[in-house]
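Engineer: First to last, the protein sequences are chains V and F.
Quick note, in the numbering used here, the first sequence goes up one by one and the last residue is 77.
Quick note, in the numbering used here, the second sequence goes up one by one and the last residue is 495.
Hints are computed from structural coordinates only; laboratory data are not their basis.
Among the clues, some could well be false.
[Unchecked claim] Listing some non-contacts, in silico: residues in chain F with all C-beta distances to chain V over 12 angstroms: (1) 12; (2) 14; (3) 15; (4) 145; (5) 219; (6) 279; (7) 313; (8) 317; (9) 366; (10) 383; (11) 435; (12) 471.
[As the list claims (entries may be wrong)] Here are the simulated distance ranges between beta carbons: (13) V:51 x F:367: 19 to 27 angstroms; (14) F:303 x V:64: 28 to 36 angstroms; (15) V:69 x F:31: 22 to 30 angstroms; (16) V:62 x F:364: 16 to 24 angstroms; (17) V:51 x F:47: 52 to 60 angstroms; (18) V:49 x F:370: 16 to 24 angstroms; (19) F:57 x V:69: 31 to 39 angstroms.
We treat Cβ as the ideally placed atom computed from N, Cα and C, and that holds for glycine.
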Amino acid sequence: MIQRRSRDRGSAWETNLAEWERRERPVDPLGKPPGHREPETGPARPDINSPSKDNLLKRMRKVDPKQAERYRQRTGE
Amino acid sequence: MYNRIFGLETEYGLLIKSDQPELSPSWIAHRVIDHLFTAKKHGVIDLHYRGYDEPPGNGGFLLNGGRMYVDMGHLEFASPECHSLWDLLTFDRSGDCLIQDCLEELGLADQVSIIKNNVDHETGATFGCHENYLVSREFPFTQRGLGQLIPFLVTRQVFTGAGRIGMSRNLEGWIELEDIEGLVRPRSNNARPSDIVFQISQRPDFIVNDFFEWVQHNRAIVNTRDEPLADPNRFRRLHLLMGDSNMAEEATLLKMGTTGLVLQLIEEGHVPQGLDLDDPVQVLRDLSHDQSRQWFMTLSTGKVLSALDVQEIFWAAAAKHYAGQDDETDWVLAHWEAVIRDLRGGYEAVVGRVDWASKLWLLAQFREAEQVEWGDPWLKSLDLEYHNVNQQEGLYHALTDEGHAPRFMTDEAVTLAKSVPPRNTRAFARGEAIRYLTMQAEPRLFPSLADHPAGRRVPPYVINWSVLQFRGSPVFVMADPFRTYMNEMKSYCHP
Numbered sequence: 001m002i003q004r005r006s007r008d009r010g011s012a013w014e015t016n017l018a019e020w021e022r023r024e025r026p027v028d029p030l031g032k033p034p035g036h037r038e039p040e041t042g043p044a045r046p047d048i049n050s051p052s053k054d055n056l057l058k059r060m061r062k063v064d065p066k067q068a069e070r071y072r073q074r075t076g077e
Numbered sequence: 001m002y003n004r005i006f007g008l009e010t011e012y013g014l015l016i017k018s019d020q021p022e023l024s025p026s027w028i029a030h031r032v033i034d035h036l037f038t039a040k041k042h043g044v045i046d047l048h049y050r051g052y053d054e055p056p057g058n059g060g061f062l063l064n065g066g067r068m069y070v071d072m073g074h075l076e077f078a079s080p081e082c083h084s085l086w087d088l089l090t091f092d093r094s095g096d097c098l099i100q101d102c103l104e105e106l107g108l109a110d111q112v113s114i115i116k117n118n119v120d121h122e123t124g125a126t127f128g129c130h131e132n133y134l135v136s137r138e139f140p141f142t143q144r145g146l147g148q149l150i151p152f153l154v155t156r157q158v159f160t161g162a163g164r165i166g167m168s169r170n171l172e173g174w175i176e177l178e179d180i181e182g183l184v185r186p187r188s189n190n191a192r193p194s195d196i197v198f199q200i201s202q203r204p205d206f207i208v209n210d211f212f213e214w215v216q217h218n219r220a221i222v223n224t225r226d227e228p229l230a231d232p233n234r235f236r237r238l239h240l241l242m243g244d245s246n247m248a249e250e251a252t253l254l255k256m257g258t259t260g261l262v263l264q265l266i267e268e269g270h271v272p273q274g275l276d277l278d279d280p281v282q283v284l285r286d287l288s289h290d291q292s293r294q295w296f297m298t299l300s301t302g303k304v305l306s307a308l309d310v311q312e313i314f315w316a317a318a319a320k321h322y323a324g325q326d327d328e329t330d331w332v333l334a335h336w337e338a339v340i341r342d343l344r345g346g347y348e349a350v351v352g353r354v355d356w357a358s359k360l361w362l363l364a365q366f367r368e369a370e371q372v373e374w375g376d377p378w379l380k381s382l383d384l385e386y387h388n389v390n391q392q393e394g395l396y397h398a399l400t401d402e403g404h405a406p407r408f409m410t411d412e413a414v415t416l417a418k419s420v421p422p423r424n425t426r427a428f429a430r431g432e433a434i435r436y437l438t439m440q441a442e443p444r445l446f447p448s449l450a451d452h453p454a455g456r457r458v459p460p461y462v463i464n465w466s467v468l469q470f471r472g473s474p475v476f477v478m479a480d481p482f483r484t485y486m487n488e489m490k491s492y493c494h495p
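Bound-form chain V, shown alone (with noise of 0.2 angstroms):
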């Protein structure tokens, strides 16, 4: 449930229609609930076996050794 202050914002019914928009719609659709708490300890190092650190090298070594000398831009703001 989301709590909202009071604040002008417009007639009731607008805000009533905008609490009911965001109960709505699910906030994390991987199970995970807005609010859950992280273990209260972390990972000390990222859990990365062989094979997949042998997937992450597989797609590095894809990538053309040259390519940061063709990424030309312009500056922008």
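Given chain V's structure and the hints, the job is docking chain F onto it.
Structural biologist: Here is chain F on its own, set in the frame of chain V:
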């Protein structure tokens, strides 16, 4: 999140992988715009001048209420207004996918990669990821008021930074002045390029001021341009351009969520005091460059704290006052606390959650396997590839594929967000207006007034963030970004 509207604007880099000289980033950008608006009808192209550098045809608003356009040669996606962090994350990713879809449909995906980063290692060019936070007109937009935000912004890079190989010499170094004992002189640069093999953030080398109103020169930690894009009597828009583009979903949520909470601390008079910095621009840069990753800094009081200590002080204040405020706030507080705690144990603990740590870990694995030095150009290429938005190629996406980067949205939600606006902000009305326009018969929309001599000079529609108008109809004003204008828009489209 309580009382806040969020937005993100991302300037993309375009990597041309072949040697065909006709394929310039600027040419590709215009091909994408043309395909998106003309062939796919995924929005409506601008028919009016939005500014001297935004002529008709340069871009337009999308079905999802956001905007795609070319800005200084870069493709840029501006998200629709979002009231929820999860919406913002999803719509931000929808921009990546819209561009990637276009490249694939144009048959250009093998020749071009879209890079969501902020720096060209070779030329020193930079381009931004701008954050927008709607605040009340009463927000203290004074040096003293905004100054309370500075210690937080300078130190948040420990979990928001995207990381990069090396450093850039600022091309605008001539305006880097510092005031020391009343004398204004060029800012010293403590770091030499050879000292910095890897830094945690991409933008600090290009930030030269604490407060300034421009965005292309003299970039500041806080941009002070007063352009609310809403009722100026009620709102202001805090526009930040010092942050990096994030690939990690948790980093995106934390960047926007923690900053939103610190703004609330300022609004309600609860922000921690005594954290002022004499030279925040230099501290911003020194923290990013710190090869020890201890991130110590000296406050104006002479006290020495680490960036993690400063973040913990802000977290504690936010937790004291806002725990239980709403679900998103609680999520932000829990994950903010966790990332501070885990970073104290070393960067490996936040791989997959923090971009710079993920990139550094990947590069370390590669260096070890291939026995390459930090100066090897291959590493710069891998640095870029981390930011490739193509899910089949990008190295961040490789981490997600292997299950090492937590997801907070689904691909199905992103697909929906490409063509459906948020349902609880004014973006809803804009999206509906654009959907209506895309369904009108061409070539002449709203022909009645077009037959009138004066009407021929009036474009069939004008769309902007806070107003829009169909030819022959009154101006439709959307001054309050919190409102959906649902019924009013229905009446406007079907009078």
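Engineer: Does each hint hold? Answer for all of them.
Structural biologist: Hints, one by one, checked against the model:
{"no.": "1", "hint": "12", "verdict": "9 angstroms, violated"}
{"no.": "2", "hint": "14", "verdict": "8 angstroms, violated"}
{"no.": "3", "hint": "15", "verdict": "5 angstroms, violated"}
{"no.": "4", "hint": "145", "verdict": "20 angstroms, holds"}
{"no.": "5", "hint": "219", "verdict": "8 angstroms, violated"}
{"no.": "6", "hint": "279", "verdict": "24 angstroms, holds"}
{"no.": "7", "hint": "313", "verdict": "20 angstroms, holds"}
{"no.": "8", "hint": "317", "verdict": "18 angstroms, holds"}
{"no.": "9", "hint": "366", "verdict": "5 angstroms, violated"}
{"no.": "10", "hint": "383", "verdict": "7 angstroms, violated"}
{"no.": "11", "hint": "435", "verdict": "18 angstroms, holds"}
{"no.": "12", "hint": "471", "verdict": "28 angstroms, holds"}
{"no.": "13", "hint": "V:51 x F:367: 19 to 27 angstroms", "verdict": "20 angstroms, holds"}
{"no.": "14", "hint": "F:303 x V:64: 28 to 36 angstroms", "verdict": "48 angstroms, violated"}
{"no.": "15", "hint": "V:69 x F:31: 22 to 30 angstroms", "verdict": "23 angstroms, holds"}
{"no.": "16", "hint": "V:62 x F:364: 16 to 24 angstroms", "verdict": "19 angstroms, holds"}
{"no.": "17", "hint": "V:51 x F:47: 52 to 60 angstroms", "verdict": "54 angstroms, holds"}
{"no.": "18", "hint": "V:49 x F:370: 16 to 24 angstroms", "verdict": "20 angstroms, holds"}
{"no.": "19", "hint": "F:57 x V:69: 31 to 39 angstroms", "verdict": "32 angstroms, holds"}
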